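Asks: Sequence:
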Amino acid sequence: MARLHPTAEPFLAALNARVFDLKDVFSKQLYVDGRFNGSCSTKDVLPALVPHLSYKNLAIQEGNSASLGWYRMFDPQLTSEERATTETNLRAYCKLDTLAMVEIFRYLLAL
Numbered sequence: 001m002a003r004l005h006p007t008a009e010p011f012l013a014a015l016n017a018r019v020f021d022l023k024d025v026f027s028k029q030l031y032v033d034g035r036f037n038g039s040c041s042t043k044d045v046l047p048a049l050v051p052h053l054s055y056k057n058l059a060i061q062e063g064n065s066a067s068l069g070w071y072r073m074f075d076p077q078l079t080s081e082e083r084a085t086t087e088t089n090l091r092a093y094c095k096l097d098t099l100a101m102v103e104i105f106r107y108l109l110a111l
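Numbering (this note's numbering), first residue to last: 1 to 111.
Just so you know, these hints were derived from the structure itself, not from any lab.
All values reported here derive from a predicted model rather than from experimental measurement.
Everything hinted at is true.
With a cut-off of at most 25 Å between alpha-carbon atoms, the simulated SDA-like pairs for lysine to any residue come out as follows:
{"no.": "1", "residue 1": "K43", "residue 2": "L111"}
{"no.": "2", "residue 1": "K43", "residue 2": "M73"}
{"no.": "3", "residue 1": "K23", "residue 2": "L99"}
{"no.": "4", "residue 1": "K28", "residue 2": "L111"}
{"no.": "5", "residue 1": "K28", "residue 2": "E62"}
{"no.": "6", "residue 1": "K95", "residue 2": "R83"}
{"no.": "7", "residue 1": "K43", "residue 2": "T85"}
{"no.": "8", "residue 1": "K28", "residue 2": "G38"}
{"no.": "9", "residue 1": "K23", "residue 2": "L53"}
{"no.": "10", "residue 1": "K56", "residue 2": "E82"}
{"no.": "11", "residue 1": "K43", "residue 2": "K95"}
{"no.": "12", "residue 1": "K95", "residue 2": "D24"}
{"no.": "13", "residue 1": "K56", "residue 2": "G34"}
{"no.": "14", "residue 1": "K43", "residue 2": "S27"}
{"no.": "15", "residue 1": "K28", "residue 2": "R106"}
{"no.": "16", "residue 1": "K43", "residue 2": "L99"}
{"no.": "17", "residue 1": "K95", "residue 2": "V25"}
{"no.": "18", "residue 1": "K43", "residue 2": "F105"}
{"no.": "19", "residue 1": "K23", "residue 2": "Q61"}
{"no.": "20", "residue 1": "K43", "residue 2": "A110"}
{"no.": "21", "residue 1": "K23", "residue 2": "L90"}
{"no.": "22", "residue 1": "K43", "residue 2": "T86"}
{"no.": "23", "residue 1": "K43", "residue 2": "R106"}
{"no.": "24", "residue 1": "K28", "residue 2": "G63"}
{"no.": "25", "residue 1": "K56", "residue 2": "L99"}
{"no.": "26", "residue 1": "K56", "residue 2": "L22"}
{"no.": "27", "residue 1": "K23", "residue 2": "L58"}
{"no.": "28", "residue 1": "K23", "residue 2": "L109"}
{"no.": "29", "residue 1": "K23", "residue 2": "W70"}
{"no.": "30", "residue 1": "K56", "residue 2": "L96"}
{"no.": "31", "residue 1": "K95", "residue 2": "A59"}
{"no.": "32", "residue 1": "K56", "residue 2": "T86"}
{"no.": "33", "residue 1": "K28", "residue 2": "P51"}
{"no.": "34", "residue 1": "K95", "residue 2": "A110"}
{"no.": "35", "residue 1": "K43", "residue 2": "V19"}
{"no.": "36", "residue 1": "K23", "residue 2": "P51"}
{"no.": "37", "residue 1": "K23", "residue 2": "F105"}
{"no.": "38", "residue 1": "K95", "residue 2": "V50"}
{"no.": "39", "residue 1": "K43", "residue 2": "N89"}
Kindly generate the complete structure, drawing on both the sequences and the hints.
Replies: As structure tokens, this is what we get:
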């Protein structure tokens, strides 16, 4: 993005410097829980640490399906109704994915 918007480069670089991938905590085994079943995926970590949140009731339940849904949004053969449904499903998935990161972070901060 900084290449496209050079005047924003200082802001974007500072933002990148503050980003932390929560997956590192689990993939580097800084926090381990048997309920993760050896995984560091959000789909395994979330129900163990924040059991009131779940992907189970969503039409899109994991990242690969979300990626395919996003790709599908640009299919010219998709009807406007199908596109709207896909968009709604993607928004619900992304909303929960973001909330999951916030709640997992809160859980870790409370330790």
